[in-house]
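J.: My request is simple: use the sequences and hints to build the entire structure.
Each chain, written out:
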Amino acid sequence: MLEFWSPKVSRLRRRRDVAGLIDVLRTGGERDRRAAANALIAIPDPRSVEPLTLALKDADVLLRTNAALALGELQDGRPDADLSPIVGPLVDALSDPAPEVRAMAASALGRTRTQAALEPLLTALGDSSTTVQLTAKAVLAGYDDPRAREAVAAA
Amino acid sequence: MKPFGGPGPLQHVPLFTTLSKHEAAEAARVGFERSFLAGTELTREGEASDAFYVMLDGTADVRRGGVPVNELGSGDFFGEIGLLGHSARTASVVATTDVRTFVIPARAFRSLIGRMPEVHGKVLAALVARGS
Chain A
1 MLEFWSPKVS RLRRRRDVAG LIDVLRTGGE RDRRAAANAL IAIPDPRSVE PLTLALKDAD
61 VLLRTNAALA LGELQDGRPD ADLSPIVGPL VDALSDPAPE VRAMAASALG RTRTQAALEP
121 LLTALGDSST TVQLTAKAVL AGYDDPRARE AVAAA
Chain B
1001 MKPFGGPGPL QHVPLFTTLS KHEAAEAARV GFERSFLAGT ELTREGEASD AFYVMLDGTA
1061 DVRRGGVPVN ELGSGDFFGE IGLLGHSART ASVVATTDVR TFVIPARAFR SLIGRMPEVH
1121 GKVLAALVAR GS
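Just so you know, the sequences run in chain order A and B.
Each step along the first sequence adds one to the number in our numbering, with nothing skipped, and position 145 is 145.
Each step along the second sequence adds one to the number in our numbering, with nothing skipped, and position 53 is 1053.
If you are wondering where the hints come from, they were derived from the structure by calculation, not from laboratory data.
Treat the hints loosely; a few may be bogus.
Partial list, derived from the structure: chain B residues whose beta carbon lies under 7 Å from chain A [to be verified]:
hint: 1; residue: I1081
hint: 2; residue: L1084
hint: 3; residue: V1103
hint: 4; residue: P1105
hint: 5; residue: A1106
hint: 6; residue: R1110
hint: 7; residue: S1111
hint: 8; residue: G1114
hint: 9; residue: R1115
hint: 10; residue: K1122
Predicted model, so just to flag it, every value in this text is computed and none were measured.
C-beta atoms are modelled at their ideal positions from N, C-alpha and C, and glycine is treated no differently.
T.: If you want it as structure tokens, here you go:
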């Protein structure tokens, strides 16, 4: 957990200072940036889409993992919103070299439940990582779609 | 409902036993204890998943369509499937004795997994073992 130790981010999180968290995510040190992405899971805000999308391409696996989870929170309460700025980068993250990032991207995509995420999630059922396969199976179970039901039953 | 001051009983729950004392305390910090009387419905099939539950004491039935399909006891957990994705609860859980649980709200659970990805792996492994 020391990987996320950041008194600065803890203060911003307590104040729910999204702008401050985004600033840290863009410009902070390694641990601060991880902690900021993690804090944005708990405090979803549309302003964080672009910096979280950039964080998905960072070299730090823990940052990418938390950025994927945080993006998954941004669909809540936005049933008619255009989710393509979120779904596209998360679909790309399903090809991340780190299985933990792919698993969290699958989980986050499952939360969007968009049709655009369906095909990539079906593909993720055949991922080389068991964790990714199982995550895809769990999230596809939430899809009201015959292909998803069939794939989950067969997996 | 009451929060834990430290790792509390979580350090004896299999899901959390590989965590350090500090990590278990962190997990305990994001949730709270909640008790239910025998006969109470802890969760209802078809409703949106809003939390992850760990059984601390007591027993409960898992029911699908009103039919018991499994029994839960101390150390067992439920509610994880909906939290991984965004699906409705796949079963009801009904207390068969007085029950004490540790509850982690959905978003706090996902934040915890971000800091401790190994918890995600353990939850999935338990799902497989359970045949969910």
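J.: Each hint needs a verdict: does it hold in this structure or not?
T.: Hints versus structure:
Interface hint at I1081 of chain B: satisfied, since its Cβ lies 6 Å from the closest Cβ of chain A, which is below the 7 Å cut-off. Given hint, L1084 of chain B at the interface with chain A, holds; its Cβ is 4 Å from that chain's nearest Cβ, closer than 7 Å. A least Cβ separation of about 16 Å between V1103 of chain B and chain A goes past the 7 Å threshold, and the interface hint is therefore violated. Checking P1105 of chain B against chain A by beta carbon gives a least distance of about 10 Å; that is not within 7 Å, so the hint is violated.
At a threshold of 7 Å, the smallest CB-CB gap from A1106 of chain B to chain A is about 10 Å, leaving the interface hint violated. Hint status for R1110 of chain B relative to chain A: holds, with the closest Cβ pair at about 5 Å, below 7 Å. A least Cβ separation of about 4 Å between S1111 of chain B and chain A falls short of the 7 Å threshold, and the interface hint therefore holds. At a threshold of 7 Å, the smallest CB-CB gap from G1114 of chain B to chain A is about 4 Å, leaving the interface hint in force.
Below 7 Å, beta-carbon pairs count as interface contacts, and R1115 of chain B has one with chain A at about 5 Å; its hint therefore holds. Because the beta carbon of K1122 of chain B sits about 10 Å from the nearest beta carbon in chain A, more than 7 Å, this interface hint is broken.
The structure does not agree with the numbered hints 3, 4, 5 and 10 stated previously, though it agrees with the rest.
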